[in-house]
Amino acid sequence: MSKIIIRRMIALARHPALRLGLTFAVILLLRIQPNWTPLLDDLRIARSPSSAPAESVAAIMDAYTRQPWHAQRAAAAGMAALAAGKYEAAITTLNTAASLGRWTPELRIALGDAHNAMGNIDQAIAEWQIALPDRLDDSSLLTKLAVAYEKAARYPEAAAALRSLVAVQPNNAVAQYRFGVVLAVIDPPAAPAHLALASGLDPSVQPFAESLNRAVEAGLEVDDEAYTFGIIGYTLIGLREYPLAKAALLNAVTQRPDFAEAYAYLGLAEDYLGNDGTYAYQRSLDLDGELPAAHYLFGLHYRRLRDNTNAIASLKRAFDLDPSNAGVAAELGSAYTELGELTTAETWYVQAVNVAPDNPSFWLLLAKFYVEHDLKVDADGLLAAQKAVELAPDSAEANDTLGFAQYLNADFARAEENLLKAQSIDPNLASAYFHLGLLYLDTGRTAEAKQPLEAAIALDAGGPTAERAIQALARLGITAPPPTSTP
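Take the sequence shown: its position 179, counting from 1, is numbered 179 in our numbering, and each next residue is one higher.
No lab work stands behind these hints: they were computed from the structure. Just so you know, not all the hints are guaranteed correct.
[Stated by the list, open to error] Label pairs and their computed distance ranges (CB to CB):
| # | residue 1 | residue 2 | range |
| --- | --- | --- | --- |
| 1 | E467 | T278 | 26 to 36 Å |
| 2 | D411 | L273 | 26 to 36 Å |
| 3 | G462 | L383 | 29 to 39 Å |
[Said to hold, decoys possible] No more than 27 Å apart at the CA atoms, straight line, and that leaves these computed lysine-lysine pairs for DSSO-like:
| # | residue 1 | residue 2 |
| --- | --- | --- |
| 4 | K421 | K376 |
| 5 | K316 | K376 |
| 6 | K421 | K450 |
| 7 | K151 | K86 |
A virtual CB, placed ideally from N, CA and C, is assigned to each residue, including glycine.
Turn these sequences into a full structure, and let the hints steer you where they fit.
What follows is the structure, given as structure tokens:
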């Protein structure tokens with residue numbers, strides 16, 4: 001899917017209007033995202049202070065209490081407090097150690113760690129910067145600085161730290177990737193070399209790096225800085241790099257203040273950051289009231305706010321402007337479902353599969369609509385589920401939905417087969433366990449029902465599937481225990 005998106009981006013990059021269609025937004029917003037997780041969450045090399053046994057910490061603190069004038073005792077106590085997670089005490093004691101003796105790079109780094117743990121990022125950076133001249137090749141310190149700079153949106157400084165880090169560790173794929181990502185926002189022509197290197201160093205980094213690299217190169221082909229930053233921003237949203245996406249899109253609208261589509265996606269980035277993207281959506285529409293993407297994304301903004309009245313108005317306008325967009329139709333189906341207008345909802349879900357008959361995701365949405373509302377499950381619901389599995393045979397959700405539809409039609413043998421297949425594809429899909437438990441209950445296999453129902457409760461602790469599984473267990477006279485682990 002990501003390659004299709006990028007190919008479309010590259011084609012549109014050559015379009016004189018310099019506009020993207022809605023395809024990318026469909027992927028982002030209809031839960032059809034690539035199976036990616038943000039690499040920044042996996043930046044394990046930024047190590048937190050290691051823990052220490054409570055007895056050791058107590059002994060070190062006791063020694064310091066007995067000799068509070070001793071600089072080395074104070075330094076050890078500060079380090080122990082840091083390791084024990086007592087950050088305020090660590091800050092006080094580390095400062096005392098320096099006043100009794102002298103500042104060392106180790107004390108500065110530890111003090112920065114304590115401030116960072118307390119959320120004082122600027123103070124942490126200040127301490128680490130002081131230590132850096134004596135630790136220019138310290139990959140751990142450089143990583144801490146790079147992560148902190150990026151978190152503080154100090155991207156030129158993050159790039160400088162990452163440049164030093166990849167000089168020390170040229171084969172560090174994640175560091176090369178982060179360097180390429182940051183460069184994409186501040187110096188796009190310099191990004192491809194590092195993204196390509198990261199891609200070749202580690203297969204787990206490759207899809208991230210290649211996607212962004214293609215977007216950067218597509219933007220550079222156009223020789224239009226605003227468009228380059230725009231396409232980079234769009235892609236960074238897809239990679240869930242929302243702060244960097246916002247920075248890129250702000251660059252785009254700074255370069256070209258009338259770039260309506262960049263404003264629309266800036267609103268999306270703001271929403272994903274937990275901010276209010278209304279200002280950006282409205283600016284986009286002020287610039288171009290006929291832009292489908294702006295109406296679509298504004299409609300999704302209202303959907304997130306549970307304001308279905310305004311959402312429907314925006315989404316209908318988006319569909320009027322671009323009736324080829326199945327995502328808009330499906331989102332309208334969801335909005336009408338929430339309003340309880342199921343006949344209208346069905347019309348829009350059917351419209352989605354008519355527009356995109358080869359996309360399994362829209363067939364799955366239609367099938368789920370039918371089975372979750374017990375509508376036409378013996379005909380259209382079953383057919384939609386079968387079509388979803390036909391188009392996506394390795395989709396756990398599709399097999400689960402088909403199995404549930406077959407269960408509702410009393411085709412228990414086929415239902416069990418598909419539900420077990422769904423579990424084998426995704427052992428963490430709670431609904432597949434719940435549906436299998438229901439099947440066992442309703443076919444007199446009560447002893448077998450307990451395990452999948454308890455698994456559903458553990459996998460969806462506190463969620464709606466868990467609640468229904470608890471109710472199903474009650475039919476067996478079993479009170480479900482609090483979930484402690486997943487199977």
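Hint by hint, here is what the structure shows:
| no. | hint | result |
| --- | --- | --- |
| 1 | E467 <-> T278: 26 to 36 Å | 34 Å, holds |
| 2 | D411 <-> L273: 26 to 36 Å | 46 Å, violated |
| 3 | G462 <-> L383: 29 to 39 Å | 34 Å, holds |
| 4 | K421 <-> K376 | 24 Å, holds |
| 5 | K316 <-> K376 | 26 Å, holds |
| 6 | K421 <-> K450 | 19 Å, holds |
| 7 | K151 <-> K86 | 23 Å, holds |
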